[in-house]
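Novice: Residue strings, one per chain:
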Amino acid sequence: MAPLRGSSGQGARARMTRKLFRLPWRTAQRIGEDVDDELHFHITMRAEELQARGLTPEAAIAEATRQFGDLEDARRYLRRMDRGTEAARRRRDYMGELKHDIGYALRKLRSAPAFALTALLTLALGIGANTAIFSVVHGVLMKPLPFPHPEQLVRIWSENPEAGIEQSAVSPVDLDDWRAQRTAFSDMGGYWYQNGGSGVDMTGEGEPQRLSTAFVEPGFFPALGVQPQIGRLPREDEMHRGGPDRVTVLSYAFWRRQFDGSPSVIGRTLTLGGEPYEVLGVMPRSFAYPDDEVDLYIPYSTIPDDGIPRTRTNHVLDVVARLKPGLGVERGRAEMAAITRRLSEQYPEDKAWTGASVEPLRDVIVGKARTGLLVLLGAVAFVLLLACANLASLLLARATARERELAVRSALGAGRGRLVRQLLTESMVLALAGGALGILLAIAGTRALVILGSTQLPRAAEIGLDPAVLLFALALSMLTGLIFGLVPALRATSSDLQTALREGGRGSSGSRGQRMRAGLVVGEVAVAVILVVGAGLMTRSFLELLKVDLGFRPDHVLVVNYSIGDAHQGTRAQMRGYYTDVLDRVRAVPGVVAVGATKALPFRGSGERNDFLPEGMVLGASQEAPTAPYIYVSDGYFQALGVPVLAGREFARSDDDRAPFRLVVNEAFAKKYFPGRTAIGRTVTIGTEQIPIIGVVGDIRQESVEEPAEPTIYIHALQNMRSRANLVIRTRGEPLAMARAVQDAIWSVDRDQTITSIFTLQSAVGEAVARPRLLTTLLGLFGVLGLLIGGIGLYGVLAYFVTQRRREIGVRVALGADSANVLRMIVRRGLWLAGAGLIVGLVGAAMLTRFMRSVLFGVGTTDPATFVGVAAVLLGVAFLASWIPARRAARVDPLIAMRAE
Amino acid sequence: MTDRSLDLLQGTLDVLILRTLAWGPMHGYAVSRWIHDRTDGAIEIDDAALYKSLHRLEHSGAVEAEWGLSENNRRARYYKLTREGRRQFRSQESAWRRYAEAVAKVLAPA
Chain A
184 MAPLRGSSGQ GARARMTRKL FRLPWRTAQR IGEDVDDELH FHITMRAEEL
234 QARGLTPEAA IAEATRQFGD LEDARRYLRR MDRGTEAARR RRDYMGELKH
284 DIGYALRKLR SAPAFALTAL LTLALGIGAN TAIFSVVHGV LMKPLPFPHP
334 EQLVRIWSEN PEAGIEQSAV SPVDLDDWRA QRTAFSDMGG YWYQNGGSGV
384 DMTGEGEPQR LSTAFVEPGF FPALGVQPQI GRLPREDEMH RGGPDRVTVL
434 SYAFWRRQFD GSPSVIGRTL TLGGEPYEVL GVMPRSFAYP DDEVDLYIPY
484 STIPDDGIPR TRTNHVLDVV ARLKPGLGVE RGRAEMAAIT RRLSEQYPED
534 KAWTGASVEP LRDVIVGKAR TGLLVLLGAV AFVLLLACAN LASLLLARAT
584 ARERELAVRS ALGAGRGRLV RQLLTESMVL ALAGGALGIL LAIAGTRALV
634 ILGSTQLPRA AEIGLDPAVL LFALALSMLT GLIFGLVPAL RATSSDLQTA
684 LREGGRGSSG SRGQRMRAGL VVGEVAVAVI LVVGAGLMTR SFLELLKVDL
734 GFRPDHVLVV NYSIGDAHQG TRAQMRGYYT DVLDRVRAVP GVVAVGATKA
784 LPFRGSGERN DFLPEGMVLG ASQEAPTAPY IYVSDGYFQA LGVPVLAGRE
834 FARSDDDRAP FRLVVNEAFA KKYFPGRTAI GRTVTIGTEQ IPIIGVVGDI
884 RQESVEEPAE PTIYIHALQN MRSRANLVIR TRGEPLAMAR AVQDAIWSVD
934 RDQTITSIFT LQSAVGEAVA RPRLLTTLLG LFGVLGLLIG GIGLYGVLAY
984 FVTQRRREIG VRVALGADSA NVLRMIVRRG LWLAGAGLIV GLVGAAMLTR
1034 FMRSVLFGVG TTDPATFVGV AAVLLGVAFL ASWIPARRAA RVDPLIAMRA
1084 E
Chain B
47 MTDRSLDLLQ GTLDVLILRT LAWGPMHGYA VSRWIHDRTD GAIEIDDAAL
97 YKSLHRLEHS GAVEAEWGLS ENNRRARYYK LTREGRRQFR SQESAWRRYA
147 EAVAKVLAPA
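Protein chains in written order, with our numbering: chain A, 184 to 1084; chain B, 47 to 156.
Calculated from the structure, these hints are not laboratory results. All of these numbers come straight from a predicted model, not from anything done at the bench. Check each hint, because a few of them may be wrong.
Sample of chain A residues lacking proximity to chain B, with all beta carbon distances greater than 10 Å (derived) [to be verified]:
(1) R236
(2) Q250
(3) G252
(4) G267
(5) S294
(6) Q410
(7) Q412
(8) R418
(9) R424
(10) R429
(11) R514
(12) A521
(13) L659
(14) D927
(15) D933
Estimated spans, in silico, between C-beta atoms of each pair [what the hints assert, rightly or not]:
(16) A:T248 to B:S140: 32 to 42 Å
(17) B:T128 to A:R599: 30 to 40 Å
(18) B:S140 to A:R290: 41 to 51 Å
(19) A:G647 to B:S140: 53 to 63 Å
(20) B:R120 to A:A295: 49 to 59 Å
For glycine and all other residues, C-beta sits at the position ideal for the given N, C-alpha and C.
Let the sequences and hints guide you as you build the complete structure.
Specialist: What follows is the structure, given as structure tokens:
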């Protein structure tokens, strides 16, 4: 047995060797040879035994082979089995190595806590910010809409090319015709809904409340294709004028809020607007359409003609439609073009409405948010790229310092692949730990984003850290680890390690590493420049936005939004009396300077668009009358809002419905239709009446801060009663402090008056610029982050450069170079690197910022001021980052520096 | 293969091999000889089955194989019990003993 023991000892050593140095695994060919050798050995031994018993060699081999059994079958079986064994061993070895590498990486990181902490924080910030932004992008842009086959859903608008109106609301009468003639759409449904605008008063369920209501046409629910959570949807006959249409469907949120989610609500009767409505069903939670503030769905047919007349000229409905399976948007467009053309030939009222605009529902919902979000995603990806570059640079420096260690491991038999794997494991461990920390940051970040952007982000409820987002974070972490780890790992293992060993760790590749780090810094600066340019453009644009003259003074104004109840709408005199009583009582409140009312508050509503004909204008045969928004305002409105009266006067109380009809127009109107002349005393034909203009007021931004005022007609509110009103109350002191007194004044007229909302005009203006503000804040944050990381990167490279060149610097100083000389040398190097990066970055920025065009206001995508400013800021930062290490270099004592070797 | 030889169940062959290797590392031929000699030729093992069993045991981790030099200086593949192999042997051995006793009891004249 002795020789056996000996050889087994040898085997054990071989095994140890494999464990230490990972000898190559057996190939399939090698396995085949081993099996053959083993079988050959067996046959030979058996044959020798037989030969000893007297067989001839040939006969012995034949007998041995016969005794063995099915040799070919055994050979095949052994080969297959051994390949499996080898694969399992390979996996085991690999896992063992991985465990070893991870342990090693952890020890290494613990031994360099400053490096580990810097890297970890950088990564956590980078990955966290990316994950947070991605979770928003995913929720808003990528998740399918919560409807079955959402890709079939479109929105449709009427189009009036002649007047330049591309997307107008749709007349309910037109919609009936569209629906009757459709072939490409499985259904189409109109709805009238204005957030904060359309509603009904509910009484008899505790306090009276104003409920946000979507008034829907028969095709609405079938087009969206969502079944109620409980109960049923209205039948077609329950949605027609004259049918049993006093029915309602509740939204999930309202059902939970008002009825605690009790199923017994089905079949109950609610008193809405003083009339009984039967509750038919409750929609599921995911059904938040048109938005998540809808309380009720009620048939549009319940709106009486004296409320919103059902005529072809009254464009009031939004339309959502579902294309038949397999049909594209283009097919829908073609069909709508044909239908609208037919209708415009058939009905004189539709003459100018010769087209329709059809857009995918998803684009409409996320449209405004898309560019901003994608810009943010791009910016935040750049931040991570910077972080990667910085870490790669740090790792390169470390790798240079670790050349000796790597050389030793290589000399002991570790292959290059093995070393690369070990170094990559280190960066992966870092990246994954950073990623885990980043996910925690992202949870907080996402929450903050949703709060910050609550009024700006569509589908905010669908944003969250779901599995897709976590997967993104994981993939991003691994990619990050690969990016910042691979280059240093490949480089560290590529140099002549034997030389490194001999030179005592002062790697011959030092200058090459230095060059690579310099290249990284140039790249970093370039990316930082792009980020800062983006942030700069956005900031400039936001400042431009704030500089816009709104045309009114938003400070010290309280707004009370309410709807006049049906009790006051009996007769004109009743309504007039109620309307003026409220104005007068509020005006009498101490501290109130001026009061007016309007149906459409700036940024919160638009006027009703209608035809008119200015005096002196003659229409050609095929020409359409111009249109303008009509806005209903009370006496004193312009004074309360702080809008200057440029000519004539504003409405007085006496201009009400008992007096002749008169108009006030804005400056844009006067300039467009009565250029170079006074508009006062001129007339405008509305319907068949010629109505004189009594005043011209300053332009105010009505739709948004970005869009200049369009020609607008103001009509006295008491000439054309509307139930919706915004009281505009100019106060002496803090406006919100007056809210209680104003409310009491209103209730002193009617205790049951519901009030929809009370807010300051300033907050409405703030909300109107909230999206650009959010974008500016975030881009600014990323820009600063980029500048910081880029600056740190530059500093790191120069500081390292100084350490490496201590000896050279010492020699220079010894040879008479003064410290200013040395300082200049280092700073020049820093600025040279920064300058190169700056040029690359500015070119890159000029190419990339055009994607921001739609989110910028009043500033070009290559705004020279921004580019010059960014260049100046960047060079400043670069100077600072170079000066600190340069000063240290300038203080080098030549004796110490040269002795340090 | 003589008619005296017993037809071996796979598990039985495994436990015999494990028992044999418990004496020390051996190459396949030695295992074959060992079993033959210990049973006075009562159990004639099909060599093909023996090698299949050895490699299967290697795959399952019960034995490890290394190349070494044989007593007559030839390259031979040596098999050695692993810790796992020893554990398997102990449990299979006792199971087999219980089984054999049970069979013996049934066959014993009453």
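Novice: Hint by hint, note whether the structure agrees.
Specialist: Here's how the hints hold up against the structure:
no.	hint	result
1	R236	14 Å, holds
2	Q250	6 Å, violated
3	G252	3 Å, violated
4	G267	6 Å, violated
5	S294	35 Å, holds
6	Q410	56 Å, holds
7	Q412	56 Å, holds
8	R418	70 Å, holds
9	R424	81 Å, holds
10	R429	78 Å, holds
11	R514	62 Å, holds
12	A521	73 Å, holds
13	L659	38 Å, holds
14	D927	86 Å, holds
15	D933	88 Å, holds
16	A:T248 to B:S140: 32 to 42 Å	38 Å, holds
17	B:T128 to A:R599: 30 to 40 Å	32 Å, holds
18	B:S140 to A:R290: 41 to 51 Å	45 Å, holds
19	A:G647 to B:S140: 53 to 63 Å	58 Å, holds
20	B:R120 to A:A295: 49 to 59 Å	54 Å, holds
Comparing the model with each earlier hint shows violations of hints 2, 3, 4; every other hint is respected.
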